[in-house]
Every structure is written in structure tokens, then in C-alpha cells.
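Spelled out from the first residue to the last, the chains are:
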Amino acid sequence: MAPPLIELREITKQFPGVLANDKVSLSLKPGEIVALLGENGAGKSTLMNVVYGLLSADGGEVLVEGEAVHIRSPRHAIDLGIGMVHQHFMLVAPLTVTENIVLGNEPTRGGVIDFKQAREEVREISRRYGLAVDPDATVRDLPVGMQQRVEILKALYRGARVLILDEPTAVLTPQEVRELFAVVRSLVTEGLAVVFITHKLEEVMSVADRVVVMRDGRVVGETRPQDTDTAGLAKMMVGREVVFRVEKPPSACGDTILEIEDLRVLDERRLEAVKGVSFTVCAGEVVALAGVSGNGQTELIEAITGLRKVTGGSMRLKGVDITHAAAREAIAAGLSHVPEDRHRRGLVLEFDLMENTILGDHRQAPFAKRGVLDFHAITEVTRKRIADYDVRTPSERVKASALSGGNQQKLVLARELGRDPDLLVAAQPTRGLDVGAIEFVHNQILAERGNGKAVLLVSLELEEVQSLADRILIIFEGQIVKEFTAGEASDEELGYYMTGGGGDKLTSGSEEVRADA
Amino acid sequence: MPELVRVQSSSRLATVLRELAVPLVSVAIAAIIGSVIMLIAGFDPLAAYAAMFKGAFGSGRQIGETMLRSTPLMFTGLAVAYGFRAGLFNIGAEGQLFMGGLSAAWLGIVLAGMPRPFNIILMLVAGAAIGAAWAFVPALLKAKVGAHEVITTMMFTYIGRYIVSWLVTGPLKAEGQIPQTNRLPVESTLPKMHEILPFLTPSRVHLGFVVAVVLAFFIWWVLKYTSLGYESRAVGYNPWASETGGISVSATTIKALCISGALAGLAGVTEVMGVHMRLFDQFSAGFGFTGIAVALLAKNNPIGVIAAAILFGGLSAGGGTMQLEADVPQKVILIIQALIIFLVAAEQIARWIIGRTGRRGAAENAG
Chain A
1 MAPPLIELRE
11 ITKQFPGVLA
21 NDKVSLSLKP
31 GEIVALLGEN
41 GAGKSTLMNV
51 VYGLLSADGG
61 EVLVEGEAVH
71 IRSPRHAIDL
81 GIGMVHQHFM
91 LVAPLTVTEN
101 IVLGNEPTRG
111 GVIDFKQARE
121 EVREISRRYG
131 LAVDPDATVR
141 DLPVGMQQRV
151 EILKALYRGA
161 RVLILDEPTA
171 VLTPQEVREL
181 FAVVRSLVTE
191 GLAVVFITHK
201 LEEVMSVADR
211 VVVMRDGRVV
221 GETRPQDTDT
231 AGLAKMMVGR
241 EVVFRVEKPP
251 SACGDTILEI
261 EDLRVLDERR
271 LEAVKGVSFT
281 VCAGEVVALA
291 GVSGNGQTEL
301 IEAITGLRKV
311 TGGSMRLKGV
321 DITHAAAREA
331 IAAGLSHVPE
341 DRHRRGLVLE
351 FDLMENTILG
361 DHRQAPFAKR
371 GVLDFHAITE
381 VTRKRIADYD
391 VRTPSERVKA
401 SALSGGNQQK
411 LVLARELGRD
421 PDLLVAAQPT
431 RGLDVGAIEF
441 VHNQILAERG
451 NGKAVLLVSL
461 ELEEVQSLAD
471 RILIIFEGQI
481 VKEFTAGEAS
491 DEELGYYMTG
501 GGGDKLTSGS
511 EEVRADA
Chain B
1001 MPELVRVQSS
1011 SRLATVLREL
1021 AVPLVSVAIA
1031 AIIGSVIMLI
1041 AGFDPLAAYA
1051 AMFKGAFGSG
1061 RQIGETMLRS
1071 TPLMFTGLAV
1081 AYGFRAGLFN
1091 IGAEGQLFMG
1101 GLSAAWLGIV
1111 LAGMPRPFNI
1121 ILMLVAGAAI
1131 GAAWAFVPAL
1141 LKAKVGAHEV
1151 ITTMMFTYIG
1161 RYIVSWLVTG
1171 PLKAEGQIPQ
1181 TNRLPVESTL
1191 PKMHEILPFL
1201 TPSRVHLGFV
1211 VAVVLAFFIW
1221 WVLKYTSLGY
1231 ESRAVGYNPW
1241 ASETGGISVS
1251 ATTIKALCIS
1261 GALAGLAGVT
1271 EVMGVHMRLF
1281 DQFSAGFGFT
1291 GIAVALLAKN
1301 NPIGVIAAAI
1311 LFGGLSAGGG
1321 TMQLEADVPQ
1331 KVILIIQALI
1341 IFLVAAEQIA
1351 RWIIGRTGRR
1361 GAAENAG
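Sequences listed follow chains A and B, in order.
Numbering follows the numbering used here, in which position 145 of the first sequence is assigned residue number 145; successive positions increment by one, without gaps.
All you need for the numbering used here is the position in the second sequence, starting with 1, plus 1000.
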């Protein structure tokens, strides 16, 4: 039997106030896919950053092919045959695929980069591992899935024998996920070992040979997909039973809260992204806007929330015209917004939790009186929100950037729901969250519905749409092409309309439906 | 509960210390490198620093001189720091300062014969207003068409300086050969501090120093405790999240750059009203630009600006004594100033040194 490519022995890593890794041991053999499963903040990324030389461990040792090494830097890790693809890609957008791949290891001839040879080498690797990609394409023009492929090729080009993928599916479409899994399988047949960091249970079940579950910085269990199921994995990961499908009473649709008529919105390139959309959301109802990313959802949401100019049509919130309202006026009219990108739009990461809690309400009572902030009231409300929404934090004075993704999202929810809005617009509210946090967010959304609020949900996750929505609107190329009531349509049907299908030529297999995309 | 409170206050103290560490270490390293340079050049660094310290703080007169020199830097440092907090680089504080100085030189003559407190208040307000106005056009361009403020405020500095140049040689020129404006009547000048604090006699430090210090605390309060300051900081950190939270990014940008301009304008007013009593071409020794260094060293903290301005003022005041007593050329001061700015800007160098010396202590704290 071959020795493990990498063996970690009792790795310990301490951050101020947190024991991120507590004597974690793990070994990787050639030809296996190991899923490192755990909630956000369980210590998975910390562990892999130690292996990749980004962090240095406080205790324990790393053995590469049986030899103890101290990995000082990513460069050193690469020299030892360890490659890592980060969640956020580290590519130079204006350069070509080849240029990106050879960057840092350029083949040269007399001091000049030999692009011909570079391109050949890239072709060769891409052929060998079945990672089709155009070596001359500009990275900026590639879809996300392709960019990820370039990242993988970059690691392979540098001779990686162990490949660490940090939440590789977070940004991918279902189609791209399947392609990635095929790539990963072909890599291990070539004798590589792949570590797959994730918190998505289905992925673990479908791709991993072995699952190592982490919780609170410790390895809490190890299993094989064939010996367990998603419920079993979830229990290991969270430490308690998790309910996947939330139960909800039938909708009691009240007054019409949001009315949108023939709305037209342009995107950044000044092309029409929303082409005459009309719909309503009533009190006590969750309306989900389902669609493949890039079909006008972002522009539609930005128009409703006052962040983007409207070129045609009208919008009313509780009868008040908000067609040309700025964000401030929309908030005043009773709107709350959980933005798609919480780091960019949801939070000011450098602000502490108190300052983030008042964003949007920082001009009025109880937070401000005649332009002066009242930190007694702010502290009190923030503490209450932290408690009500179970935001795990050492204090209300830490910066938002110090929280884990799930807790950041809870903070955004706490702020937006704490405002007691009439309409909640939630764009991908569970993106990147682990099952525990997803369950929490879903329960909060349904609680709002139960309190007679209107909820507009935008999601790319069909499971989320199916379990929360009372009505499902399918958006495709800037238009609403189909409407379903809850439970009326299967995932396949939704997928069919989301990818531009129509009429009654509905095919049965989901594979075929997705192939249309 | 008491335990929780203690944890918080100690962590707040730790935050303050962490914030202070980089500037302090930077100043220390700059002093060390400065002494190496002096050794190489054949001077005695200990004697030089001793003379410098004596020159800056050795007597009431010298303390007064340090205060005098730190005053305009405090205003311009605050100006640049406020801009930075809102994500704006007001590199044109010098131009706003010139316009503030111009307004004081003109208004001070117009107001001759009026009561002194009235003149002082009106001239300060007017100077702040024209400083803000001088920043308003670049601010508007930034907010509406995205023209970068580094270019526009710089260009407005040239415009301001040449307007002053023209006025002092032409329309506003006093009788005589020298291109300067008429001397302000006493009721249009700032009182000397030694009239209140005799131990500062006979230094030239004027009431502007007090105005600057009070203003620094006020700006600190505005940034931290008002909706206006909150919006400025929010936009500075993350304009997208600010926009989503209903903050108008363009309005906040305009307000912040105008506040910055007003603060810089006050530097010009107080120099004219407190030091020169008139306006001429060279009345500012590049205070608008040194203000950038002051803001950097202060890490854009208004209270820090007070300390940084006094340090720079002290270096400048002590330089003369150093040259006189230790026979070290005054230019060494410029080298040390440059080193401080370099080290603060290249924060990682100081962080690395702090990391190496402070690691054990930090580990103990964490455990």
C-alpha cells in the first residue's frame, strides 16, 4: 500500500479567543477524494490554510510522503506538490488562460517568455486530465466554471499531487458542478488526492470516497458515503437533528403590498435586463422569483430596492409609488432588503456590530436624535438583536468582518427584520451558509410570512424555492415566463422553464432538461 | 456582569494601544535611522536630538513656537483626515488654505473698526466657507461625473495659488515694493496666547492653536457620534453597502469634501490672522501637503492629528536649535520627517517589528 501523500498529526491552531483547530489528524492517500465537511467556522479552511502554508500551526506536524516538513509559504507548499483552489479565484482577469496558468513559472527562452511552449504545455495538461479549456481565451470572458478550471490547471501545471478545493461549488451552476465532479474523478484516477472542503451534503454523497466531519475545530467523525445518508451527515456536522423541509401553514393572503407593473430596467451595459415584468406580492405570502443566474433578477431587485433607475413601468409599495424612489425612500416606505452579496451590499465589514445594526436607520429615533447618535440605545438594541437572532459573537463591539458567514447573514437579517418592514426582499439569503444557518434563515422568513409580511425571495436553489414559496415566478431573459403555485411543479418542470422551455413539450428526465441550458 | 465590563474595557484599551503601536514604532525607527545617517555624516545624534528637544520644548518660548508651527498642520491634518475617512484624498488642502488666507486678508481690512470678537468669528466662518466652496467644485465633479478628486483638487490648488499671486501683486497690493496685502488692523487679528498664559512669552503662538485643538475634538465627536460622521465613514469603507442602507453616496461625498475644504481654509485664516497679519505669496510653507503626512501619521484619527501636528511642529521648531547648538544641518529634520511618513505608509515594516517583539506577550494574552 502506498504511503499517505500527506499526513496531518494533531494540528492545533489558536486564534485570539478561538481554538480553530484542536489536535486535528488527517491523512490522504493517492487516488482518493476526501470531503472535509463542517459548518462555517468549524475549522476546515484553517486546517487547509495550514497545509497550504498560509497559516502556521501552533502544534502538531505535517508529513509529506512520510517526511515531517514545516510548510512556510504557499510557494513551499507548491514545491511539495500541494495545490489549492480558493473560494475566490486568484486569476488575472485581462490575461489569457495560458498566461494565467504559467504565471510565476513561465517557460523562458533567453529571458523571454516562450508562449508557444507555454501554450503547448497547457494543452498537454488539459488533454491529460480531460479539462477542456481554450488556452487563448481571456479569463475575464470565461464563465465562472471555466475560471475554476483554469485555477485547477494552474495547480496541475505546478505539479500538484494533492489538490485542495475550498468550497468549489459555491459559485457554480448545477451543470458546472457535475462537470467539476467529473474532473475531480479523473484527477484521482491519475493518482492525485483531492480534498474537497464543503458544507453541502449532497455533494459529499455524490463525489467523496471518504468524509471527514469537523465541528468546533475537532474531527468529530469519519465515514463513507455508502455507510450514511444526508440526514446522518447533517447530524454529525451540526450535532443535532436537522429538519430539511420546513413545515408551513397555508398562506393567508391579505392586502396587496407590492405591485409591479410592466417594469423595465437597464443593466450596466445599458441593455434592457428587465423587459416588462408585472406581479404582485400580498401580505402573508412568500413569492419566489426562480431563474438561472443572470436573467435579470439582480436588476429587478435593485430596481425595487431603489438602487437602480427604472426606465419604464411602475412600482407601488402599500399603495405608495416607489417607481423612482431612492433606497432611503424605499426603506421609509416599509421595505427591507437582504442583499445578494452581503460583503458588498449587506454589511460594512470594517464597522462593528452596533454600527452595522443601525445602517439604514441611523438618522432616526431611537438611534439618532437631531443628528446625534445615541449609543446607549444602539448598544441596547444591538444586544437584543444579537440575542434574538442568535448571532454568535464575543461582543457587539467586534467588527462584522470577524464573524463567520452564517453569523454575518444573521446580523443582516436581524437588522432588516428588526426594522419591522412590510415587505422583505431577500436575494439568495442562504448563499454560502451551512445547514444550521439555512434552517434559521428559512424559519425567520416563514415567521415574517406568519406575521403578515410580504416576502419576495430570489433564489437559485430550487429546493429553497420549493420549500418556502407560496407562488413561484419563473424569470427567463428578463421576463416572467411562468407562474406556479406551491407544490404544483416538480424541480424538473421549474428547471425546464428556467432554461427557456415553454409550451407543453416538457421532457421527463432532468438530465435532458439541464442539457438545454 | 462586572467581569464582562472589565473584559470590554481592557479590550478597548488594547485596541487603542494597537492603533498607537504603528505610529509610535515608526517614529522611533525614523529617529534611529536618522541617527545612523547623522553618524555616517559625522555628527553626534544624541547631541542633535537633545538640542532638537530643547529647541522644541526647552522653555515656554520654545513650547510656544512648537504650538505655533503645529497650528496650521493641525487644521490641514484634520482636513485630509476627514476626507480620508470618507474615502476621499483631498490632496488640494493647500489651495483651500490659500483661499481661506485670501478671505481673511480681504475681510480683515473691510471689517476695520468693528469689535474684535465679531471680526474673529466672522473671519473664521468666512474662511471656512470659502475653503468649503473651493472644495465644492471638485466635490461636485467627483459626485456627478466621477472625476478623481486627486486631480481636481490639485488643479484647484494651482488656480487658488495663482489667484492669490495675482491679487497680492495687483489689486490687493499694499503701498511699497513688496508684493503683499495691507497689514490687518489689530481688531482683525487673533490674540497672542501669552496674553493669557504668560509663561509662553515671547512666543508668537496665537489663539488659533486653541481653535485647532477644540476643532480636533469636535471633528472626532462628529465622526464617531453623529449621523453625518457615520455616513461619511460608511461611504469611505463601503459605498455599495452605504447605498443599500439608503445613504446618498454623492451627497455624502460632497459634504465630506466640503468639510475637508472648510478645515483647510481655517489653516489659511489663522496663519493670516495670527502670524503674518497680511497675505503674501509664500505665506504657507506647504502646510496643505504636510497635512497629508500628519493625517497619515495620525491614522486619520482627529485626536491623533493633534499629537502628529505637535510632533511635526516640534521637529520644525527644534530644527533651528539643532543647527545652532549641535551644528547639524536643519535638513536632517526633513529626512526624519520623510522617514516617518515612509514608515507609516509602509505599515507592514512596523507591524513586523511589533510582531517579533510582541509575540510572546500576545500569546500570553490570548491564552
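For the record, the hints were derived by calculation from the structure and aren't laboratory data.
None of these values were measured; they are calculated from a predicted model.
Ideal placement from N, C-alpha and C gives every residue a C-beta, glycine not left out.
Be careful, since some hints might not be right.
Within a straight-line C-alpha distance of at most 35 Å, the following computed DSBU-like cross-link-like pairs (lysine-lysine) qualify [to be verified]:
1) A/384 x B/1224
2) B/1224 x A/369
3) A/318 x B/1144
4) A/275 x B/1192
5) A/309 x B/1173
6) B/1144 x A/384
7) B/1192 x B/1144
8) A/384 x B/1299
9) B/1224 x A/309
10) A/369 x B/1255
11) B/1255 x A/318
12) B/1192 x A/399
13) B/1192 x A/309
14) B/1331 x A/399
15) B/1144 x A/235
16) B/1192 x A/369
Which residues of chain B face chain A? A partial, calculated answer using Cβ under 8 Å [what the hints assert, rightly or not]:
17) 1053
18) 1057
19) 1058
20) 1059
21) 1118
22) 1201
23) 1228
24) 1230
25) 1234
26) 1243
27) 1244
28) 1245
29) 1246
30) 1250
31) 1276
A quick look at each hint next to the structure:
1. A/384 x B/1224: holds (22 Å)
2. B/1224 x A/369: holds (14 Å)
3. A/318 x B/1144: holds (32 Å)
4. A/275 x B/1192: Not satisfied, since the Cα-Cα distance of roughly 70 Å exceeds 35 Å.
5. A/309 x B/1173: At roughly 53 Å apart (the allowed maximum being 35 Å), residue 1173 of chain B and residue 309 of chain A break the hint.
6. B/1144 x A/384: violated (40 Å)
7. B/1192 x B/1144: violated (44 Å)
8. A/384 x B/1299: It holds: about 33 Å lies between the C-alpha atoms, which stays within 35 Å.
9. B/1224 x A/309: Holds - the C-alpha atoms of residue 309 of chain A and residue 1224 of chain B are around 32 Å apart, at most 35 Å.
10. A/369 x B/1255: Holds, at roughly 20 Å.
11. B/1255 x A/318: holds (33 Å)
12. B/1192 x A/399: violated (45 Å)
13. B/1192 x A/309: Roughly 56 Å separates the two Cα atoms, so the pair is violated.
14. B/1331 x A/399: Judged against 35 Å, a Cα distance of about 43 Å means the pair is violated.
15. B/1144 x A/235: violated (54 Å)
16. B/1192 x A/369: Violated: residue 1192 of chain B and residue 369 of chain A sit about 39 Å apart, past 35 Å.
17. 1053: violated (37 Å)
18. 1057: violated (36 Å)
19. 1058: Residue 1058 of chain B check fails; min Cβ-Cβ to chain A is 42 Å, beyond 8 Å.
20. 1059: violated (42 Å)
21. 1118: violated (28 Å)
22. 1201: violated (40 Å)
23. 1228: holds (6 Å)
24. 1230: Interface hint status for residue 1230 of chain B: holds (5 Å vs cutoff 8 Å).
25. 1234: Residue 1234 of chain B check passes; min Cβ-Cβ to chain A is 5 Å, inside 8 Å.
26. 1243: holds (6 Å)
27. 1244: holds (4 Å)
28. 1245: Holds, because the Cβ-Cβ distance from residue 1245 of chain B to chain A comes to roughly 4 Å (cut-off 8 Å).
29. 1246: holds (3 Å)
30. 1250: violated (11 Å)
31. 1276: violated (37 Å)
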